[in-house]
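S.K.: Protein chains in written order, with this note's numbering: chain A, 1 to 112; chain B, 1 to 119.
Hints are computed from structural coordinates only; laboratory data are not their basis.
Bear in mind the structure is a predicted one, so any value in this text is a computation, not a measurement.
Among the hints, a few may not be true.
Unchecked claim - Only pairs whose alpha carbons sit at most 30 Å apart, straight line, appear in this in silico BS3-like list of lysine-lysine:
no. : chain 1 : residue 1 : chain 2 : residue 2
1   : B       : LYS14     : A       : LYS70
2   : B       : LYS64     : A       : LYS99
3   : B       : LYS64     : B       : LYS20
4   : A       : LYS70     : A       : LYS56
5   : A       : LYS42     : B       : LYS20
6   : A       : LYS99     : B       : LYS55
7   : B       : LYS14     : A       : LYS42
Unchecked claim - Which bits of chain A does chain B cover? Going by a derived footprint, with three or more residues having C-beta under 8 Å, they are:
no. : stretch
8   : 16-30
9   : 53-62
10  : 98-112
Heads up, the beta-carbon is just placed ideally off N, CA and C, and yes, glycines get one too.
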Amino acid sequence: QKEVEQDPGPLSVPEGAIVSLNCTYSNSAFQYFMWYRQYSRKGPELLMYTYSSGNKEDGRFTAQVDKSSKYISLFIRDSQPSDSATYLCAMSSLRGNEKLTFGTGTRLTIIP
Amino acid sequence: GAVVSQHPSWVICKSGTSVKIECRSLDFQATTMFWYRQFPKQSLMLMATSNEGSKATYEQGVEKDKFLINHASLTLSTLTVTSAHPEDSSFYICSARTSLGGVAKNIQYFGAGTRLSVL
Numbered sequence: 001q002k003e004v005e006q007d008p009g010p011l012s013v014p015e016g017a018i019v020s021l022n023c024t025y026s027n028s029a030f031q032y033f034m035w036y037r038q039y040s041r042k043g044p045e046l047l048m049y050t051y052s053s054g055n056k057e058d059g060r061f062t063a064q065v066d067k068s069s070k071y072i073s074l075f076i077r078d079s080q081p082s083d084s085a086t087y088l089c090a091m092s093s094l095r096g097n098e099k100l101t102f103g104t105g106t107r108l109t110i111i112p
Numbered sequence: 001g002a003v004v005s006q007h008p009s010w011v012i013c014k015s016g017t018s019v020k021i022e023c024r025s026l027d028f029q030a031t032t033m034f035w036y037r038q039f040p041k042q043s044l045m046l047m048a049t050s051n052e053g054s055k056a057t058y059e060q061g062v063e064k065d066k067f068l069i070n071h072a073s074l075t076l077s078t079l080t081v082t083s084a085h086p087e088d089s090s091f092y093i094c095s096a097r098t099s100l101g102g103v104a105k106n107i108q109y110f111g112a113g114t115r116l117s118v119l
């Protein structure tokens with residue numbers, strides 16, 4: 001079993017819809033959770049980061065962490081064609097100074 | 001803030017030659033930088049962790065003599081692919097982590113990547 005599981009998609013939704021992206025993990029030591037967006041042939045861009053459980057909102061993006069279920073989510077409201085990209089979840093433990101563990105990424109397409 | 005510059009963005013070279021890729025943190029000091037390799041439609045594969053002023057730590061299966069990493073300053077790390085062959089063709093991405101404490105020390109900021117094509 002992988003430490004981090006993420007549905008690779010592809011996921012296609014119409015413009016304006018709410019998008020839900022998810023990851024599950026098995027390592028209870030993970031405390032820091034991040035979402036990155038990666039456009040084709042570009043490096044990942046940090047979207048959101050969260051420490052421990054809870055919600056965090058930034059514009060159209062909301063990140064949720066449920067440590068009891070080992071489940072994290074990224075919601076995108078009012079999705080735009082420019083949101084079409086691969087979304088990677090990543091996490092690390094409390095110790096810090098450690099490498100990130102990535103999900104496989106979900107390919108998202110927003111249809112105009 | 002937190003900008004990481006990677007150069008070149010695309011390089012084509014002949015088999016047997018060496019290629020150097022630079023990774024710079026432009027507006028912060030990075031005690032730790034990471035080098036990843038990514039194949040099409042796959043996630044990032046960590047190759048090595050580079051700490052300023054010390055030898056890089058390579059992941060299992062990554063040849064350290066093949067992929068030379070130097071992290072001579074708090075803002076610059078380089079990856080040199082030595083005697084490149086077609087199987088080394090890939091997308092190479094660097095990331096940098098700040099020297100700050102707290103939550104920030106767990107966040108990696110990525111460069112735009114370098115596409116290497118070995119003929």
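S.K.: Do the alpha carbons of LYS64 (chain B) and LYS20 (chain B) lie within 30 Å of each other, as the hint requires?
M.R.: Between LYS64 (chain B) and LYS20 (chain B) the Cα gap is close to 14 Å, so the pair holds against 30 Å.
S.K.: Is the straight-line distance between the alpha-carbon of LYS14 (chain B) and that of LYS42 (chain A) 30 Å or less?
M.R.: Satisfied, since the Cα-Cα distance of roughly 24 Å is no more than 30 Å.
S.K.: Sort out whether LYS70 (chain A) lies within 30 Å of LYS14 (chain B), counting only the CA atoms.
M.R.: Given pair LYS14 (chain B), LYS70 (chain A) is violated - Cα atoms ~47 Å apart, limit 30 Å.
S.K.: According to a criterion of three or more residues whose C-beta lies within less than 8 Å of a C-beta of chain B, is the stretch 16-30 of chain A covered?
M.R.: violated (count 0)
S.K.: Next pair to validate is LYS42 (chain A) with LYS20 (chain B); report whether the Cα-Cα distance is within 30 Å.
M.R.: Since the Cα atoms of LYS42 (chain A) and LYS20 (chain B) sit roughly 19 Å apart, the hinted pair holds (cutoff 30 Å).
S.K.: Mind checking the alpha carbons of LYS99 (chain A) and LYS55 (chain B) for me, to see if they're no more than 30 Å apart?
M.R.: Given pair LYS99 (chain A), LYS55 (chain B) holds - Cα atoms ~16 Å apart, limit 30 Å.
S.K.: Just to be careful, I want the Cα atoms of LYS70 (chain A) and LYS56 (chain A) compared with a cutoff of 30 Å; is the pair within it?
M.R.: Holds - the C-alpha atoms of LYS56 (chain A) and LYS70 (chain A) are around 17 Å apart, at most 30 Å.
S.K.: With a cut-off of 30 Å on the C-alpha distance, tell me whether LYS64 (chain B) and LYS99 (chain A) pass.
M.R.: holds, 18 Å
S.K.: Examine the stretch 53-62 of chain A: at least three residues should have C-beta closer than 8 Å to a C-beta of chain B.
M.R.: violated (count 0)
S.K.: How does the coverage statement for the stretch 98-112 of chain A fare against chain B, requiring three or more residues with Cβ below 8 Å from a Cβ of that chain?
M.R.: holds (count 8)
Hint check: violations occur at hints 1, 8 and 9; the rest are consistent with the structure.
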